[in-house]
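*Asks:* Following the hints, put chain P in place on chain W, whose structure we already have.
Number of protein chains: 2
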Amino acid sequence: MTQTSTARLMDGTGPARRIVERSAARAAWISRETGTPPCLATVLVGDDPASVTYVRMKRARCEKAGIASRHVGLPATTTTAELVDAVTALSRDPGVHGILLQHPAGPHIDERAAFEAIAPHKDVDGLTLHSFAAKSFGLPGFASCTPGGIMRLLAEYDVELTGRHAVVVGRSAILGRPVGMMLLAGDATVTYCHSRTADLASIVRQADILVAAVGRPRFIRGEDVKPGAVVIDAGYNPGNVGDVDFETARTRASLITPVPGGVGPMTIAVLLEQTVDAAARQLGLDPGAGVG
Amino acid sequence: MTQTSTARLMDGTGPARRIVERSAARAAWISRETGTPPCLATVLVGDDPASVTYVRMKRARCEKAGIASRHVGLPATTTTAELVDAVTALSRDPGVHGILLQHPAGPHIDERAAFEAIAPHKDVDGLTLHSFAAKSFGLPGFASCTPGGIMRLLAEYDVELTGRHAVVVGRSAILGRPVGMMLLAGDATVTYCHSRTADLASIVRQADILVAAVGRPRFIRGEDVKPGAVVIDAGYNPGNVGDVDFETARTRASLITPVPGGVGPMTIAVLLEQTVDAAARQLGLDPGAGVG
Chain W
1 MTQTSTARLM DGTGPARRIV ERSAARAAWI SRETGTPPCL ATVLVGDDPA
51 SVTYVRMKRA RCEKAGIASR HVGLPATTTT AELVDAVTAL SRDPGVHGIL
101 LQHPAGPHID ERAAFEAIAP HKDVDGLTLH SFAAKSFGLP GFASCTPGGI
151 MRLLAEYDVE LTGRHAVVVG RSAILGRPVG MMLLAGDATV TYCHSRTADL
201 ASIVRQADIL VAAVGRPRFI RGEDVKPGAV VIDAGYNPGN VGDVDFETAR
251 TRASLITPVP GGVGPMTIAV LLEQTVDAAA RQLGLDPGAG VG
Chain P
1 MTQTSTARLM DGTGPARRIV ERSAARAAWI SRETGTPPCL ATVLVGDDPA
51 SVTYVRMKRA RCEKAGIASR HVGLPATTTT AELVDAVTAL SRDPGVHGIL
101 LQHPAGPHID ERAAFEAIAP HKDVDGLTLH SFAAKSFGLP GFASCTPGGI
151 MRLLAEYDVE LTGRHAVVVG RSAILGRPVG MMLLAGDATV TYCHSRTADL
201 ASIVRQADIL VAAVGRPRFI RGEDVKPGAV VIDAGYNPGN VGDVDFETAR
251 TRASLITPVP GGVGPMTIAV LLEQTVDAAA RQLGLDPGAG VG
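Chain order of the listed sequences is W and P.
Residues 1 to 292 in my numbering are what the first sequence lists, from first letter to last.
Residues 1 to 292 in my numbering are what the second sequence lists, from first letter to last.
One or more hints might be untrue.
The list treats identical chains as interchangeable, and a pair is accepted whether it falls inside one copy or across any two copies.
Quick list of in silico lysine to any residue cross-link-like pairs, SDA-like style, CA-CA up to 25 Å [unchecked claim]: (1) Lys226 - Arg196; (2) Lys64 - Asp199; (3) Lys226 - Arg281; (4) Lys226 - Ala24; (5) Lys226 - Ser195; (6) Lys226 - Glu33; (7) Lys226 - Ser202; (8) Lys64 - Pro287; (9) Lys226 - Asp199.
Rather than coming from a laboratory, the hints here were simulated on the basis of the structure.
All values derive from a computational prediction rather than experimental measurement.
So that you can see chain W by itself, here it is in the shape it has in the complex (with noise of 0.2 Å):
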């Protein structure tokens, strides 16, 4: 006789689907309220062939959802100094509403500077400080886009957070230390562990919610998941891999993330929801109107 039970999936694809259909309704009304859509600016600096599919996949989500994309592309050569006066430009331009820079910029480029340059109330994307801190308090603010993904996730699973130990695994200034500053903003206890963590096993165990955000295939261990635990696995590998080993996982955990499906649809909507905020803030709209 087995003890295995197999843990609910948390799909992502659905409550993105709602995100995005409301965001979508959401641009119409800004665009017929103002006759302006809503406008997102993509920065891409050179031609890595991954980064100009993001670009052109995020451009393409856009549009679909009724809103506008601007797209500013720099060749490889830029200089921070030129990437700082392109974002400052789209960061004054009242007819963008978003800036979405995207990483990475190149090595020559400072990608702080570059991100910093963008306006806070158009940082639709998540990434400046301002947005990281504001976010941490659980001030309003754009969350970076798959933390805040995993947020929205949680909620629409009911997981309860308070006083839970969340653990998260990678600090990464987009992913990991943003998620764990949410999660702690939500009350639960939270532990970052990363590249130097002397015993991962021993604490990964503790995790009543897990969040593996590190970028390595497999690399969280089934049998480590504490029974019962909540696993947000927002890692994505080549061949559809996770960062945590899903077969053995989904045995323990109660709710897991599938890869893909799980955390990936709730990134992109998180940045069309954003971008529809910001436009009808900007526009003088009521953000929290507009939707019947």
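*Replies:* Here is chain P on its own, set in the frame of chain W:
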């Protein structure tokens, strides 16, 4: 036969004195080089006796170190808009190099708006969103003074951070949250506990480095301190009592801060040092130079 040992005390007074002496020497150098001493502006709303005393003490410590201070006292009836205007004026005033807005500004004031009026390059008390995020990512910037003092104290006592489990009890915007982020930037594994944490003792017992920042007398029991742990008590409660039960904790810890004389003196030392750094930069001097 007992196994009781006694922790070494982490004295903050000696390291703080050295930081203040170095800051005073650099302030004198700045005055000689530019004809202008570093200047800290202090802003106080109302006449809360504790706040009046704090501000007076900070100004006295500045004067003693050769740092000029300028005080802006505002009536308790001051509105958020008036306070923001006053702080904005100081942010623009080239004669002011650092700005300290004394907390609390009053229940009717939007403190976040007021703090955000401090220009990042004058935020020597380290309380803006920009400063929090910069230190969270290990970037140059001003530390919130108590967390900055704690990090200096750990360095002073050669406490290894890499891979060690640091547990921060408390998550305030000026202490718990930033010190955890700084410990993470220093490669520690970091856990945040707080009032909603389910089983505090079991987490405290895992701490190689324990930072108590709750403001409740003897809240951390000595018996929960891991043998050999480094204990940083940032609490300062009536009767010179910290957040940790010192007498029992010292029998288990390897290093422990006394209260008073541990973290406290480091806080003001960091404020003075950051004011001098800010002045050096704004006056066009190399902030790394000036003390031979």
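*Asks:* Compare the structure with each hint and give your call.
*Replies:* Okay, the hints, checked on the actual structure:
no. : hint            : verdict
1   : Lys226 - Arg196 : both (22 Å within a copy, 21 Å between copies)
2   : Lys64 - Asp199  : neither (46 Å within a copy, 48 Å between copies)
3   : Lys226 - Arg281 : neither (43 Å within a copy, 51 Å between copies)
4   : Lys226 - Ala24  : neither (39 Å within a copy, 54 Å between copies)
5   : Lys226 - Ser195 : both (21 Å within a copy, 23 Å between copies)
6   : Lys226 - Glu33  : neither (51 Å within a copy, 62 Å between copies)
7   : Lys226 - Ser202 : both (10 Å within a copy, 16 Å between copies)
8   : Lys64 - Pro287  : within (21 Å within a copy, 52 Å between copies)
9   : Lys226 - Asp199 : both (15 Å within a copy, 16 Å between copies)
Checked against the numbered hints above, the structure breaks hints 2, 3, 4 and 6 and satisfies the rest.
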